[in-house]
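Enquirer: What follows is the residue order along each chain.
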Amino acid sequence: MQVWTKLFAKSPFKPLIKHAEVVVQTVETLEKALDLWAQGNYEEMKKYAIEVDRLEDVADRIKMELRNSVTSKLLMPVQRTDILEYLHMQDKVADAAEDTAKWLLVKKEINVPQEVKDLILKMGRESIKAAKLVYEAIRQMDTVVESGFSDAEIEKEYEIIKQIEDVESKIDGLDTKLMELVLNNNLSWADGLYILNIARTLSNISDKAKDAAERIRIMMNK
Amino acid sequence: MIADPWVFFTIILGLAMAWAIGANDAANSMSTAVGAGAITPKQAVLIAGVLEFTGAYFFGKSVTETIRKGIIDPSRINDPNVLIYGSIAALLGATIWLIIATKYGLPVSTTHSIIGGIVGYGIVYAGTSIVNWSKMAKVVMSWILSPIVGAIFAFLVFKALSKTVLQSKNPIKSAKRWSPFWIGLAFVVIGTMFYIKVLHGKSLVIGFLKFGIPTGVVTFVITSLILRVRFPNVDPYLGAEAIFKRVQVMTSGYVALAHGANDVANAIGPVAAVYTIATMGMAGAKVPVPRWILALGGLGIAIGVATYGYRVMETVGKKITELTNTRGFTIDFSAATVVLIASWLGMPISTTHTVVGAVIGVGLARGIKAINKDIVKDIVISWFVTVPTAGIISAVIFKVLMLIVG
Chain A
22 MQVWTKLFAK SPFKPLIKHA EVVVQTVETL EKALDLWAQG NYEEMKKYAI EVDRLEDVAD
82 RIKMELRNSV TSKLLMPVQR TDILEYLHMQ DKVADAAEDT AKWLLVKKEI NVPQEVKDLI
142 LKMGRESIKA AKLVYEAIRQ MDTVVESGFS DAEIEKEYEI IKQIEDVESK IDGLDTKLME
202 LVLNNNLSWA DGLYILNIAR TLSNISDKAK DAAERIRIMM NK
Chain B
8 MIADPWVFFT IILGLAMAWA IGANDAANSM STAVGAGAIT PKQAVLIAGV LEFTGAYFFG
68 KSVTETIRKG IIDPSRINDP NVLIYGSIAA LLGATIWLII ATKYGLPVST THSIIGGIVG
128 YGIVYAGTSI VNWSKMAKVV MSWILSPIVG AIFAFLVFKA LSKTVLQSKN PIKSAKRWSP
188 FWIGLAFVVI GTMFYIKVLH GKSLVIGFLK FGIPTGVVTF VITSLILRVR FPNVDPYLGA
248 EAIFKRVQVM TSGYVALAHG ANDVANAIGP VAAVYTIATM GMAGAKVPVP RWILALGGLG
308 IAIGVATYGY RVMETVGKKI TELTNTRGFT IDFSAATVVL IASWLGMPIS TTHTVVGAVI
368 GVGLARGIKA INKDIVKDIV ISWFVTVPTA GIISAVIFKV LMLIVG
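One line per chain: the protein sequences are A and B, in this order.
Everything in the first sequence is counted per the numbering used here, starting at 22 for the first residue and increasing by one.
Everything in the second sequence is counted per the numbering used here, starting at 8 for the first residue and increasing by one.
Some hints could be false.
[To be verified] Result set (SDA-like, lysine to any residue): computed pairs, CA atoms no more than 20 angstroms apart in a straight line:
| no. | chain 1 | residue 1 | chain 2 | residue 2 |
| --- | --- | --- | --- | --- |
| 1 | A | K27 | B | Y111 |
| 2 | B | K166 | A | N242 |
| 3 | B | K176 | A | I181 |
Think of the hints as simulated: they come from the structure by calculation, not from any bench.
If we strip away everything but chain A, and leave its shape as in the complex, we get (with noise of 0.2 angstroms):
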């Protein structure tokens, strides 16, 4: 082995960027399941609620390779904890879309106004750009390391991490629109139960994605 090799190590970027593209596709998954359920097609809605939970596992294995990988034994251009920090935040937004598949899966027969569907089938909208948007930003990450830390890509970057802001402060005012109405649309309590738990998993997803949108912001500044 030639030493050259080893002295370059593995950049972290490379990983991050497939994480978040198995992330992003967890969470396309997860909105194919909630149009399926919405329409009140359980079966085939289990199997994409199945789907999500094995794309949650493969995030998982990417995940623990990576903190394998990034130790205190490698230089890097932005700090290790931050790295951790973000990977953790964004292996969470898989998590959370693994919750909402797991509470559509605990019950086969809904009784809920046409209204709470759609509500909850834009908080999936919602929650897909999020994801997106996690992606794009470390992503440009790689560009903020590759140009030097240039202040027009870290401008860039910004750019991006407000976007994510703006998508979770959409999908709080959604959340509790929802509240509203379950509590006061006379839900039996085990709908009722149901329903505000997917739509709390749901934001959850943007949630996440904004903390890890705030660790690339910590990322930038050393």
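Put chain B on the given structure of chain A with help from the hints.
Expert: Below, chain B without anything else, positioned relative to chain A:
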């Protein structure tokens, strides 16, 4: 006279050492270019092979003299056999250490290895007083100074290069404006270095004025013109990389030429010593090195590059994906400049050590995505081990040779 078994034996050893230099060092000098994707491993082998030989054959003469008599005082050795066995021991010691280092992929200095070998047998023969200790102190200094100065310089160059080219509001426009400047500057260094290191000129000012400035200006003008007509108007970073990619081919080619000119001496200095003594006795110590010995050294290096260096470069090409052309350029440019300034100040500085330092410097400037600190530690340890290890192996071989044949 080649019929003399000792001469024949030293020539074989010299070839082996030259091979080890080609396998270890030459590959190191081209690694940044191959790693950054500026040239393919095949091209690197071809460029390195041809230019190393050219450097060794045409420009390798005067350094060889230093290796022959600079490290230990040859006037203290009266028995010609001692010089012959000693040279053999030194060559073997250095070669064995180099082969071990190459096997573990450690970029050690071939110059330091042969110095270790010579010091090793010198001390066994005449005690520590035979060694030119002020020269040795300079060698030790270079272990410490080369990487540190290389790192600081590369840090500054990368900061400046990224400020001017990578970080501007309009990278394409600034790349067009600034790249010729940086490339021209690199060629000022290359031109001056050519005068000092390859032609072995003494005055930095003359080299700078007669070689450096003209080369730099010509390159600046040509690059500006080419960039005005055609610039890869793609992604701004890819565009900048594309410019520096072509320049890297030339900088690495230059490194190979200079390396051949300087390091061939490590392999054939002892061979030349043995040859002249075997043919002309102790009086021959003053006779200049015959050309064909230089050719032999050059050939040995070229074979080393082709046989082992090829494999090295192939792995480098496949594995270093993190090194971009601007980074590779920064490393080459910094190492070359630091070595130039050091030679001017009369400090022996190791190119290999400076390159490693430069890589770390770019890393500290947040330019490289990840550097393995453990490997850095291994490399630095291997530098401190080089002279003693080569020395001890050489000393043991010398002792054995004296017991058996002497």
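Enquirer: Given the hint that A:K27 pairs with B:Y111, test it: the Cα-Cα distance must not exceed 20 angstroms.
Expert: The given pair, whose Cα atoms are some 11 angstroms apart, holds under the 20 angstroms limit.
Enquirer: Does the structure keep B:K176 and A:I181 at a Cα separation of 20 angstroms or less?
Expert: This hinted pair holds, its Cα atoms lying about 18 angstroms apart.
Enquirer: Are B:K166 and A:N242 close enough, with their CA atoms no more than 20 angstroms apart?
Expert: holds (16 angstroms)
Checked against the numbered hints listed earlier, the structure breaks none of them; every hint is satisfied.
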